[in-house]
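So the sequence lines, in the order shown, correspond to chains A and B.
Heads up: the first sequence is residues 1 to 351, going by this note's numbering.
Heads up: the second sequence is residues 1 to 351, going by this note's numbering.
Keep in mind that a hint or two might mislead.
No copy labels: a pair is met if it fits in one copy or bridges any two.
[Claimed, not checked] In silico DSSO-like links for lysine-lysine, alpha-carbon gap of 30 Å or less:
hint, residue 1, residue 2
1, Lys-2, Lys-129
2, Lys-315, Lys-351
3, Lys-145, Lys-2
4, Lys-315, Lys-33
5, Lys-249, Lys-204
6, Lys-315, Lys-129
7, Lys-200, Lys-111
8, Lys-15, Lys-91
9, Lys-2, Lys-204
10, Lys-264, Lys-15
11, Lys-315, Lys-93
12, Lys-95, Lys-315
13, Lys-264, Lys-277
14, Lys-93, Lys-204
15, Lys-15, Lys-315
16, Lys-200, Lys-315
17, Lys-96, Lys-250
Rather than coming from a laboratory, the hints here were simulated on the basis of the structure.
2 protein chains.
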Amino acid sequence: MKTEDFIQRTFELAKLGHGRTFPNPMVGAVIVKNQSIIGEGHHKGYGKPHAEVEAFNNCTESPEGSTLYVNLEPCCHTNKQTPPCAQRIIKEKIKKVIICNLDPNPEVNGKGVELLRQNGIEVEYGVLKEDGEKLNEVFFFSQQKRLPFVHLKLASSLDGKIALPSGESKWITGSVARHFVHNLRAQNQAILVGAETIRKDDPKLNVRLEHFSGEQPYRIIFTRSGNLPQSSQVFSDELMSKTIIFTEKKIDIHLPSENIILIKDISEALHFLYERKLIALFLEGGSNLATTFLRNQHVNRLSLFLNPSLLGSGKNAIEDLGISLLDQRPTLQQIESRWMGEDLLLSGRLK
Amino acid sequence: MKTEDFIQRTFELAKLGHGRTFPNPMVGAVIVKNQSIIGEGHHKGYGKPHAEVEAFNNCTESPEGSTLYVNLEPCCHTNKQTPPCAQRIIKEKIKKVIICNLDPNPEVNGKGVELLRQNGIEVEYGVLKEDGEKLNEVFFFSQQKRLPFVHLKLASSLDGKIALPSGESKWITGSVARHFVHNLRAQNQAILVGAETIRKDDPKLNVRLEHFSGEQPYRIIFTRSGNLPQSSQVFSDELMSKTIIFTEKKIDIHLPSENIILIKDISEALHFLYERKLIALFLEGGSNLATTFLRNQHVNRLSLFLNPSLLGSGKNAIEDLGISLLDQRPTLQQIESRWMGEDLLLSGRLK
């Protein structure tokens, strides 16, 4: 196996923690001696041991003199409960460390590498850098911008409609696509919707996947009017403590008072969520909220499920974005396309 | 090589005539002796020899005792200038004929096979049947329905918009997609547009491809109001004799009188074109004409060029289709997707 193969393996391990590590990144580590893997580990969740520590603990023989592969620079800061990984690597007498990405956190960036080198350990970094950045796009973005990463989901016909004039829309995409949305929910910390979605669909907004053992995401509702029915499922089910309302007006809903937050605008809500370490947000609609986020350039990734049909007239997936020139239009980059049953999923970054 | 490989080869040969054979189908023929191809040919254009005749004429040795592969059933009817291919096959003492599709033309269907068998020739048919039907979808449709096949092109943003509210739209898709449209034009006999497209864009509506040696398509303009500027390029350039206007009102445009046709509706125009042997129509817009064709279920294939961007508000690619239930919406089948530079082309049959 080559260097890139071992780094690929750290990605695979890292992904086992998808949706559980936030606000931490997904990290995997592999310890290799004489071309054989003698220990592997990944960061299993926020507050749990780092990937390097897991890999050391899983070693089937002494790691002395071996090479450690890890997709993120080992930490060296001591302002947290767990001892820094760099110290552990030195203690275990690792000979060489091969890293994918440097840590974007200013407290660490390059300092982990420096500490290892000062202790005579050979260090290489930047292997499959872009792939690593993509894997941890949420973490990188939120570290750099001090804001949550917003992933917008849309589902429409080929002509950008989400419902007929009559309102009929429930099944515009097929069952495979609808099921996949639960995977996306599971990979995020919170689901965002507008009040209209609550009023019209009264959704559960939870992850419904077989064998799902992660934490259910928060349900975050944005309202301008404050018009929300107390009888909605999100205010009465077993997850009601994970329902947060951002409102521009005082409202009277039976929820813990700290779950109802008065805001002036979306930006204030995003800063609030960032401070609460909620950095992976999944915006599911409706079109008003999606439009507001897009207008304010607060969408980082768009996943669009396209049903290969035409509706003609009806409700638009997106309303007025306030664009007067084509050059100003939001454009997807690094797009991946994939069929989901009869529907086509296009997913890309918005920049 | 296997049977399927030789039939695949007939497809390749057939495609060399793409856009030149209408209202005839595209046909290729391969003559094989001792597992070697000794002659190949294709139908080069309407009024020219059939593929089988071309293949016989190109034989490098006597075809006696060999196998003929052809993607369409050899003709046996004598009500045309050229002698029927079945007779020629018998005369050349072909041992076996392997066919992809039977001829949908009721004058031929199965009768070519019958005639060959009566003359002691072994015949097999139905090899790669679906692929052959797709290759000649225009021919099959028009033979069965006695109507032209309409291929609709749309180009829009991901949210189904073709222009900003300001009207800015000229370059919604990139240069690769725009260039490819000329290939689609070259594969059709006529380009259809609404009067608004003529008024707004004053397009040439011709094929602009390097090394293009085929015939330029007809330009067919639909107008309700009759409001068309005499100064438009399509009424004054070197192809003006190939400009046809379908109008619901008498109009005063300087064109040969037989090029201006009064109609009551689209259906009447389609029957007129079918009678004139114009069966491969490429509908380029605008949205009003596209919507009218879709509403009346006159679109057989949709090719949608999606620019991976959002416009929000602006002009819709498609207007009201008069659908009141989701089940009634036009849906694409047998979809192929393909990136064209930055744009995604989705093409499928509408049924």
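Results of checking the hints against the structure:
1. Proximity of Lys-2 and Lys-129 under a CA criterion of 30 Å is satisfied intra-copy only: 16 Å inside one chain copy versus 47 Å between copies.
2. When the C-alpha separation of Lys-315 and Lys-351 is checked against a cutoff of 30 Å, the pair qualifies both within a copy, at 26 Å, and between copies, at 24 Å.
3. Taking CA atoms no more than 30 Å apart as the test, Lys-145 paired with Lys-2 passes in neither setting, with 34 Å inside one copy and 60 Å between copies.
4. Taking CA atoms no more than 30 Å apart as the test, Lys-315 paired with Lys-33 passes in neither setting, with 60 Å inside one copy and 62 Å between copies.
5. In the homo-oligomer, the alpha carbons of Lys-249 and Lys-204 lie at most 30 Å apart inside one protomer (24 Å), although the nearest pairing across protomers, at 57 Å, exceeds that limit.
6. For the identical chains of this complex, Lys-315 and Lys-129 are neighbours neither inside a copy (41 Å) nor across copies (41 Å), given an alpha-carbon limit of 30 Å.
7. When the C-alpha separation of Lys-200 and Lys-111 is checked against a cutoff of 30 Å, the pair qualifies neither within a copy, at 52 Å, nor between copies, at 61 Å.
8. Proximity of Lys-15 and Lys-91 under a CA criterion of 30 Å is satisfied intra-copy only: 27 Å inside one chain copy versus 69 Å between copies.
9. Within a single copy, Lys-2 and Lys-204 get their C-alpha atoms no closer than 46 Å, and across copies no closer than 57 Å, so neither meets the 30 Å cut-off.
10. Proximity of Lys-264 to Lys-15 under the C-alpha cut-off of 30 Å is found in neither arrangement, the shortest distances being 37 Å within a copy and 63 Å between copies.
11. For the identical chains of this complex, Lys-315 and Lys-93 are neighbours neither inside a copy (63 Å) nor across copies (66 Å), given an alpha-carbon limit of 30 Å.
12. Proximity of Lys-95 to Lys-315 under the C-alpha cut-off of 30 Å is found in neither arrangement, the shortest distances being 61 Å within a copy and 63 Å between copies.
13. Taking CA atoms no more than 30 Å apart as the test, Lys-264 paired with Lys-277 passes inside one copy only; the shortest distance there is 20 Å, against 66 Å between copies.
14. In this homomeric assembly, Lys-93 and Lys-204 never come within 30 Å of each other (Cα to Cα): the closest approach is 51 Å inside a single copy and 74 Å across copies.
15. For the identical chains of this complex, Lys-15 and Lys-315 are neighbours neither inside a copy (37 Å) nor across copies (42 Å), given an alpha-carbon limit of 30 Å.
16. For a Cα distance limit of 30 Å, the shortest separation of Lys-200 from Lys-315 qualifies both inside one copy, at 14 Å, and across copies, at 28 Å.
17. In this assembly of identical chains, the alpha carbons of Lys-96 and Lys-250 never lie at most 30 Å apart, being 58 Å within a copy and 85 Å across copies at closest.
Hint compliance for this structure: hints 3, 4, 6, 7, 9, 10, 11, 12, 14, 15, 17 are broken, all remaining hints hold.
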